[in-house]
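S.K.: Now for the letters of each chain:
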Amino acid sequence: AQKVTQAQTEISVVEKEDVTLDCVYETRDTTYYLFWYKQPPSGELVFLIRRNSFDEQNEISGRYSWNFQKSTSSFNFTITASQVVDSAVYFCALSGNSGAGSYQLTFGKGTKLSVIP
Amino acid sequence: SQTIHQWPATLVQPVGSPLSLECTVEGTSNPNLYWYRQAAGRGLQLLFYSVGIGQISSEVPQNLSASRPQDRQFILSSKKLLLSDSGFYLCAWSRGTGAGNEQFFGPGTRLTVL
Chain A
13 AQKVTQAQTE ISVVEKEDVT LDCVYETRDT TYYLFWYKQP PSGELVFLIR RNSFDEQNEI
73 SGRYSWNFQK STSSFNFTIT ASQVVDSAVY FCALSGNSGA GSYQLTFGKG TKLSVIP
Chain B
827 SQTIHQWPAT LVQPVGSPLS LECTVEGTSN PNLYWYRQAA GRGLQLLFYS VGIGQISSEV
887 PQNLSASRPQ DRQFILSSKK LLLSDSGFYL CAWSRGTGAG NEQFFGPGTR LTVL
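Residue numbers (my numbering), protein chains in the order written: chain A, 13 to 129; chain B, 827 to 940.
Do not rely on the hints blindly, as some may be mistaken.
As the list claims (entries may be wrong) - Covered stretches of chain A (in silico footprint by chain B; criterion: 3 or more residues with CB under 8 Å from a CB of chain B, positions within the stretch not fixed): (1) 47-55; (2) 58-70.
To be verified - Computed beta-carbon distance windows for the label pairs: (3) A:71 - B:885: 27 to 33 Å; (4) A:38 - B:838: 36 to 42 Å; (5) B:891 - A:83: 40 to 46 Å; (6) A:42 - B:893: 32 to 38 Å.
Since the hints were derived computationally from the structure, they do not count as laboratory data. Don't be surprised by glycine CBs; every beta carbon is placed ideally from N, CA and C.
Make the full structure from the sequences, and use the hints.
M.R.: Quick look at the structure:
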């Protein structure tokens, strides 16, 4: 069974601070994919990034960066110089390649980030 | 470009009434389609997914059903709503098959059952 744990339920930071959202996953699949989604107050989930299990290179996109470490089964997300518009619930998700049910995204419970001006 | 629509955006229904939520996708063919429910605790639960017309897989036994009458149309239904059916319902699509394709979500329907 697959599992995604986002231990941080809520985080508050002051604008311009850096913040890291943690994600730890469990899977028996040798090939799998990790995702991050953002859910602003409007409710729609916005896709941010996909990473496959064979690519451990960290990725940076503007103020966003992702740190994938297979050794610790973690896929953490860092926002640099946070802004009020970053306030949202962020979900980490996992998809495996084990055949039946492989279309599923297993989501963590989400981390609510509040950026205070 | 692809877009995904859901309606209605908000719905308030009495217990025991029927339900029909609709989702349509534009700009792609033969997408995989998904229905999720997000309860007050924020977690997302996969309810149904479909890889083609008339093909529905149910992930969780419940009071709901899904149908896919056309390639890019996905409908979530119930004959009699329960209080526990309240929540935020999200439709999503992805390309092709397999585990690596990202899912793109619609704007959601907020359902309140009274």
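S.K.: Against which earlier hints does the structure fall short, listed by number upward?
M.R.: none
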